[in-house]
Amino acid sequence: MSEVYVITSGKGGVGKTTTSANIGAGLAIEGKRVVLVDADIGLRNLDVVMGLENRIVYDLINVIEGSCRLKQALIKDKRYPTLYLLPAAQTKDKDAVTPEQMKKLCEQLREDFDYVLLDCPAGIEQGFKNAIAGADKAIVVTTPEVSAVRDADRIIGLLEAAEVRDPMLILNRIRPDMVKRGDMMALEDVTEILAIDVLGVIPDDESIVIATNKGEPCVADNNSQAGRAFRDIVKRMMGETVPLMDLTIESGIFNKIKKFFVRH
Amino acid sequence: MEWFTNLFSKNKKPASIAKDRLKIVLMHDRVNCDTDLLEMIKNDILMVLSKYVDIDTNELDIQMSQAPGDSNNPVPVLLANIPIKKMRKLNKDGQEA
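In order, the protein sequences belong to chains A and B.
Heads up: the first sequence begins at 1 in this note's numbering, then just goes up one per residue.
Heads up: the second sequence begins at 1001 in this note's numbering, then just goes up one per residue.
Mixed in with the good hints there might be a few duds.
[What the hints assert, rightly or not] In silico lysine to any residue, SDA-like type, Cα no more than 25 Å apart, as pairs: (1) A:Lys180 x B:Ala1015; (2) B:Lys1023 x A:Arg33; (3) A:Lys180 x B:Asn1011; (4) B:Lys1012 x B:Lys1085; (5) A:Lys180 x B:Pro1014; (6) B:Lys1012 x A:Gly182.
Derived from the structure by calculation, the hints contain no laboratory data.
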């Protein structure tokens, strides 16, 4: 039984594309057949984050217009053999697609894949409506900032209205040191406000920047904290119960010594 | 106006300031009371009230706000400030005497 997920946020720049790429790669590592669909027509980005920008021949619009077959437009990932990307068109705009066409495309993809992941554009206009049209489930990405949480709330409302059931939250770019000082909202603050189930928490991590620069998801990186957070999210999506990552900062000399021995 | 002073007091941590601000912003967003709707409410209230009292429409103020004094769990309230010029004298049938 395949599942179609839309990864959305409302606000731009909170990490939708990075999240999509990492969840996609993570599911593929687990042996699942996954297709990542870049639904951000006109502002294609998922291809660069995945490091597949040089392999694009056809795109989503070509498939919808019928100028190529679906299989021709799908790009096979270089690292994970069960992971594919359907890139967005860069030259068209969001009005080039209708929700009905996206629905049909998702149905087609469902036949060949276990997971269809739609990377939604920012905003609540046509691009958003297209991206959610064919989705069964939604993942809402936000960061612990007032503007991002506000937009997430709006998106959750719109998802409910569109009958995309039970959206789940990923809180991205948490800085445990700042949370501890009371300078940043904690996960509990955000969930209290949004009243939504949590799929995962991702710490603010330099490895994300490094991975994106290299064009490879950090989910496979065992040394990356964010990578571990994404691996946990993937397990939860597959039905496993994995406790949320403990992001509380341990202070005091005893904990530092303990940490030292655990690591070495 | 306690929430207002809380909001800007120096003792509050930025995280809880953010949380409080969010709660208020979202309360407004969720109520989603646009100006047209507010105008309709205003007109209907005026229609009913003017049966009984003479209203100073220039000084009239009707707006959405939150229940004062509870910043942890804000509840939307309709605040109406309606200055009355004079009461109408009505007889038993509701007609003006």
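(message) Does Pro1014 of chain B sit within 25 Å of Lys180 of chain A, going by the straight-line distance between their CA atoms?
(response) holds, 12 Å
(message) Please verify whether Lys1012 of chain B and Gly182 of chain A have alpha carbons no more than 25 Å apart.
(response) holds, 9 Å
(request) Compare the distance between the alpha carbons of Lys180 of chain A and Ala1015 of chain B with 25 Å, and conclude whether the hinted pair is satisfied. (result) holds, 10 Å
(message) Run the distance test for Lys1012 of chain B versus Lys1085 of chain B: straight-line Cα separation, threshold 25 Å.
(response) Status violated; Cα separation ~44 Å.
(message) Next pair to validate is Lys1023 of chain B with Arg33 of chain A; report whether the Cα-Cα distance is within 25 Å.
(response) Not satisfied, since the Cα-Cα distance of roughly 41 Å exceeds 25 Å.
(request) Quickly compare the C-alpha distance for Lys180 of chain A and Asn1011 of chain B to 25 Å and report which way the hint goes. (result) holds, 16 Å
The structure does not agree with the numbered hints 2 and 4 stated previously, though it agrees with the rest.
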